[in-house]
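All chains, full assembly: derive it from the sequences and hints.
6 protein chains.
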Amino acid sequence: MSKRIITFGEILLRLSPPNHSKLYKAKSFEAHYGGAEANVAASLALFGCDVKFVTAVPDNELGDSALSELRSYGVEPIAVKQGNRLGVYYFEQGASERPGKVLYDRTSSSFANLKKGMIDWETIFKDSDWFHWSGINASLSQDLAELCKEALEVASKMGLTISADLNYRPTLWNYGKNASEIMPELVQYCDVLLGGTDDSEKCLGIKINPSETIENVFTKWKQQFSKLKTIVSTMRYDANASSNIIGAVLWDGTNLLKSKEYNITHIIDRIGAGDAFMAGLIYGLIAYPDSNQVALEYAVAASCLKHSIPGDVNLSTVNEIIALINGAGGGRVIR
Amino acid sequence: MSKRIITFGEILLRLSPPNHSKLYKAKSFEAHYGGAEANVAASLALFGCDVKFVTAVPDNELGDSALSELRSYGVEPIAVKQGNRLGVYYFEQGASERPGKVLYDRTSSSFANLKKGMIDWETIFKDSDWFHWSGINASLSQDLAELCKEALEVASKMGLTISADLNYRPTLWNYGKNASEIMPELVQYCDVLLGGTDDSEKCLGIKINPSETIENVFTKWKQQFSKLKTIVSTMRYDANASSNIIGAVLWDGTNLLKSKEYNITHIIDRIGAGDAFMAGLIYGLIAYPDSNQVALEYAVAASCLKHSIPGDVNLSTVNEIIALINGAGGGRVIR
Amino acid sequence: MSKRIITFGEILLRLSPPNHSKLYKAKSFEAHYGGAEANVAASLALFGCDVKFVTAVPDNELGDSALSELRSYGVEPIAVKQGNRLGVYYFEQGASERPGKVLYDRTSSSFANLKKGMIDWETIFKDSDWFHWSGINASLSQDLAELCKEALEVASKMGLTISADLNYRPTLWNYGKNASEIMPELVQYCDVLLGGTDDSEKCLGIKINPSETIENVFTKWKQQFSKLKTIVSTMRYDANASSNIIGAVLWDGTNLLKSKEYNITHIIDRIGAGDAFMAGLIYGLIAYPDSNQVALEYAVAASCLKHSIPGDVNLSTVNEIIALINGAGGGRVIR
Amino acid sequence: MSKRIITFGEILLRLSPPNHSKLYKAKSFEAHYGGAEANVAASLALFGCDVKFVTAVPDNELGDSALSELRSYGVEPIAVKQGNRLGVYYFEQGASERPGKVLYDRTSSSFANLKKGMIDWETIFKDSDWFHWSGINASLSQDLAELCKEALEVASKMGLTISADLNYRPTLWNYGKNASEIMPELVQYCDVLLGGTDDSEKCLGIKINPSETIENVFTKWKQQFSKLKTIVSTMRYDANASSNIIGAVLWDGTNLLKSKEYNITHIIDRIGAGDAFMAGLIYGLIAYPDSNQVALEYAVAASCLKHSIPGDVNLSTVNEIIALINGAGGGRVIR
Amino acid sequence: MSKRIITFGEILLRLSPPNHSKLYKAKSFEAHYGGAEANVAASLALFGCDVKFVTAVPDNELGDSALSELRSYGVEPIAVKQGNRLGVYYFEQGASERPGKVLYDRTSSSFANLKKGMIDWETIFKDSDWFHWSGINASLSQDLAELCKEALEVASKMGLTISADLNYRPTLWNYGKNASEIMPELVQYCDVLLGGTDDSEKCLGIKINPSETIENVFTKWKQQFSKLKTIVSTMRYDANASSNIIGAVLWDGTNLLKSKEYNITHIIDRIGAGDAFMAGLIYGLIAYPDSNQVALEYAVAASCLKHSIPGDVNLSTVNEIIALINGAGGGRVIR
Amino acid sequence: MSKRIITFGEILLRLSPPNHSKLYKAKSFEAHYGGAEANVAASLALFGCDVKFVTAVPDNELGDSALSELRSYGVEPIAVKQGNRLGVYYFEQGASERPGKVLYDRTSSSFANLKKGMIDWETIFKDSDWFHWSGINASLSQDLAELCKEALEVASKMGLTISADLNYRPTLWNYGKNASEIMPELVQYCDVLLGGTDDSEKCLGIKINPSETIENVFTKWKQQFSKLKTIVSTMRYDANASSNIIGAVLWDGTNLLKSKEYNITHIIDRIGAGDAFMAGLIYGLIAYPDSNQVALEYAVAASCLKHSIPGDVNLSTVNEIIALINGAGGGRVIR
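Protein chains in written order, with UniProt numbering: chain A, 1 to 335; chain B, 1 to 335; chain C, 1 to 335; chain D, 1 to 335; chain E, 1 to 335; chain F, 1 to 335.
Identical copies look the same in the list; a pair holds intra-copy or inter-copy alike.
DSS-like mimics (lysine-lysine), calculated; alpha carbons at most 27 Å apart, straight line:
no., residue 1, residue 2
1, Lys81, Lys27
2, Lys25, Lys101
3, Lys149, Lys81
4, Lys81, Lys52
It is worth saying that the hints were derived from the structure and are not from the lab. Every value quoted in this text rests on a predicted model; they were computed, and no experiment measured them.
Below, the structure is given as structure tokens:
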């Protein structure tokens, strides 16, 4: 895999009480580091890719620790050191009918205070092939939305493939703009897009009606964002907090490919399953340029395995993912 | 919720080995405090009710710790300080086909040595609206059975609504009386009763035959205990130690209402699920006086969520329970 | 102890890696709740006092958890619910020559955003006898400094005894004012003051020279703040992060009383040792109105025991503290 | 149970990261001691049998600890003390579609260096009734294969009943011989054999074709190994790493008996499930000499319960297994 | 060591909160099994002696677990199975000036209900050489005091060497007799006695005055209990809960031998230090019959090492103890 | 710090039971990765140096994990992937008079099987300035001793500064050669040497007599190894397993410099203290080329801080070390 990939986003300290304890009675927290684009970077590095992660952290022990964690996966962090807060999120693991809960505590973080001009995109993108970002960046502040745009313009100009995950989180859009006022001008730069079709109107400003087929939705997206070549969407069925069925679709402008579905009966950690999918898709599109179907299967299998792994990052290797695609489920102990 | 509720019972230290370890190989124990009526009190306090819990504990660190735990939920404990033992129970968590096990170690506890005349019921019940107790109290000693009767007479005289959970535990009735010799004269004071219909003969002395409908059983109960207005019973189907389906019925003297059923696929902690139901029912009957169906749904949803929460106490809030009633299962992470 | 005490301040979530791990390599955090005035309140409640704690927390699981913790000690919290951040601090336990480290993450917390007029001091102070606050409040924002002043004026007018702990933390004074511009007008309301004499100039604006005796320093303080009746200061000698000797002095305007000194050879948790002293002093001054020496000994013994207790709060009881004053050290196991 | 049973094999230190962590991110390991024949011995001792376990361990703390663990179950260890390595295996617990993984680290262990002549079989087998071993022994080295043969000859000559578990692990056969070159001359001594029919060719050198019935396979085995009286095989269906259905068959030379099947919906620890079956079978055959069906049901129920128990050893008691056979699943808490 | 040793006493479940937590805030407990005579038995077994421990436990998981623990050390337990309580004690670890605390919860335990005639002493003592007991047994009930006497008479008649540890715990003597009414008639059977000279009057009824030398005290003891050959006493100096200096003296009727003293600067677990001494003394007297000084040094070194070992049992080996006697302190890592 | 440093050695998995548990009773192990030269590399990287670590690991999860850990500190690992064993060592933490214990389990590890010709030293040393190795490498096998020589010849030829730590561990020299037959021809390449003077004869073959001054010893060393410019030795006084005093000396061929001494009263983890010294010395010699005294003080302060840090690696930063040199001990909490 000679491609060089850049992802850009925030890395947060995740604090989750062990053993399904509720936050209300938490006596301790397990610490993980994660964030949408950081998780994509880490997974790609574990696949053997050459990955850099652009971010900002405070110049203190927690900022250093977050970067150390990234390096441990083989990611090269490029971090602006500023401010005094590493963003935090509290995660209460759900079970059965009790949903998981995320409590964001990322206001005024080092990353949230980034602005246009603080990052030397030309140098970073030099000799790179792919740029990935997500809608969370744009949700944090007007400044960050503008910084995203700056990055996208440079990446586009320098000829990188650009992928995005809409990652629409209504509670994060608090600076006075709706997602639909910001996201379209960013998505126009993208070649590859992961998005929930339900978010079409609120996130992209493209109205759809409930009876519309997914091909129609994707066609509308393509009409508005002409650069898009690959649009993907993940699905969950029969879900409670402990078990569900997952699958995904990929639209290449012509055909709608459907992936195999996996029945995940025991979820260990669901956070980062979308990022695992995204990393799997980027890897798949690069490694299997001739088969979007294989790329899609790789992405779904990666996401499936992430549900069995504690923390935000998919620790699965290429071999493990391919074994699952080839039919080796969890039923047999590997010795 | 302006109603003031009093519950009366024992609070025990629960010791359970972590991670499904058996007691035989336990190297450590997680500590929780619980007890049928204490759990009801704690859950009601977390719903925002004004709750007092009447009990007895030793005047030592463990007694203080038990009361501290109650206060942490917002319960006001009223505790006789006597004796030198806080009752204990060991709980071995089951899994799949291995049943959970409770090993009671409550003999000679401070609570078990309570006697008539030790508690000033008139003062306690003053300005209160509801009194709740369970059959466990009556099982511990003749003295406690008489103390229950004393409490019930005062509560009845002072006009409180009275609820009881039969909570029939055969292994606890060891002082020479059968439950059916004691419980009927206590149940006669009750307005609301939670009971397993299978226990009708052994606990209440009312014979039923297996083919009898549940309406018939409840009708017989009503015939004997004329004060009863609301009788409820919970059900479990397809149960192993890790998963099952729950539901409940409520009989209001005329109609038998059936609740929605919940398929709990991953049980985190089943202890206290009945107490969570009872607290939900009391809350429901008070908060929704016009709809027994809503009260029942609230109680079942509360019990359902308890299965996902470690410890004896249902930490669920009113909002979480109502969200479940309204269809929000665990499938979606709340952000 | 019939006195009713009010304390006012922030309650924070403390996150500390276990077993002397550094923050840089923290894989989990133990959770405690604490804060200077909250610790004083909790300790006083454990002494059997009637205590209320005035604060602000977010209306979420962490805010509820902080209040629950306070209630567990018997403190009645009076909390403004606003904002979305519970303040946090990370604590890296030191050892021997490695100092402990506190990393504050309390910017924009619910408490930090309190303003004049948000708290009904008249109602709170009604029937109360004592008001305690610390300089940390005043360091957080101009608004909080003004709110402190508001509280002090009302408390003063309503005749409460007022105590303060200077608690000078240079890194917290970031809103453009020096402590010496703010603190004097707040300290003027105080009857009882705990302060490090080294901070005289920076915190109170009163210059002293190094050779000055402590009586001289306290005399200067008294000259400026005429209401002061009791001034105390704690000392540490031969300290590393694991062991030291502590003692204290109390000046009653006439005599400088010196306490017994304790050689603490194994520190378990040093955070809150000053708050334990303050709570001990308030209790001592109330319980032993005829002997400042006894009050001082009580305060120092309380602080000594705090060093042996994990978390921010001194869990020691009156009996334990008196036993230490009377010479029962840790050398004998109590059975 | 007056029968005296000898088992022979290696005891290993098992190191498994807690909470489904992957080995790659393991920050701690839970320690268990186990090994195929050690697990059989421990389970039989917990059933009340008189059991000795023949092995080799280094003369250091870990060797002592392994023997201490065996004694804790009531097994009498007979251990050659030699070498300086206790064999180790790392176990990564799987979940859902992620398979569990075993990483053996047993090269050059004290046991692996045993040779013919080092063990006084005559003394050990004196007054004993049953000898059990497994194919793992034979896989470790030519010396061990010869030592097995030595043991089998003596046991045979002294009239013990002999049982074996093929336990075919391809990755362990590394010393230049195939299992099929070694195992047949060892299996010829056996009265009771547990084997996967899929391993017929590779392990026993007996070719079968996929369409062959299990009776046919067992008939072929019996033809080659004339001493065999009881052949058993276990089955797993619908398996992922967290749930599956298990059952077993027993062929007595005439009839193929089928066991009840159990749907294990939540696997706590699958390691040792085969050994639990083997111990159950030996116990069953001894305790219920008149009913192979009961023996088989006992073995399957034992194996079923093992899936719910952390560690390598089945801690289930005779009463618990019989209760499961009699229909008491995990659905009811035992109080 | 061909001597066979019998000890007799209660084995208790010890529950201690980890990391110096107070009982009041305990969220979990570490589980250990211990008891004065059980600890002596375990330590002797680890020294390689042949040891049986006579006791009573309930026929449940906890009783089985206690026996399993004893077997793990190589002790052969001989247990009456009766009653339904395993005795418990809660242990709050102290630190520096905060003393450790033991909260006994052993009322009505299986052991406490033993009576004369329940134990077949003749069979137990057959072929045995040494019998050890402690004053705790006699403190629990009149029945147990009589059972002790029964055992002592048989042991004496059968010619065993008899040792006792006075182990005077005032809070345990609750059945209406003072120790001094009971202990003398039991001590008269003893050859070896460990006792605190401060307990002379209260435990043995022999008055001493504070200025009396220890030789005088021991001479008085010898005058009353003529069978005594060896009297020992341990000392602690400069003690807080974390550090102290220990030593011991041994009087052989003629000379008062003094041991080396050890400065224990960091106590890990002090419980069982006296039992470690007692086991060391028994071992020393047997292994070094020609040198009471060596026996005494062995006992003190054993007790010294126990302070560094978690739990009730001294896990030190003969080699480790001899290395300490020979001057190898803890300053060098053994590789 | 523009210098590029290469270290060469084995990285091992360290398994240590928590909370001062003995190996004999270990129920879990904390996992750390370490090794003499790996620890030096990690510490230097944390100081901000550019460091590569040359080693060999198996191509499995544990090998990957070891490399990941190195990367997390900023070290770039250059690893031969071969064999199937990552070396392991078990570490039993001592306390007071109980010494710590290391149990090596590194036979047949991937590293131990390295041979001449497997590593491309020319490429590795290109553009590098410093090469560090230790005597442990040479102790493992004749092949490794030859590989060390190969590396030293290349490094020497390419002009790197070469440092070595004798690290004499008698139990590791098992392949038939004494250290004194091997080490001298390796030490002759060194510019900087850390060694215990007690090991002069056994490790270097240079006899000294006990009364000789350290200057004399170092002079003899210099006579034999003419390239040596800087010789250092560390000292421990008054040591038990929990506390001691440390210091060091440095001889520059002319003067014997003595460092400040530190009284470490509470040791958290002593493993790696020598490696922390070595890393500190290398950093010091590079960063302070004009002052060997400052370099020495830096090394000793680094080593002092390591004693307070769990694991093998000194996590201290340059700022923390300089603060300690400047007199900031652990007595004050940094806020």
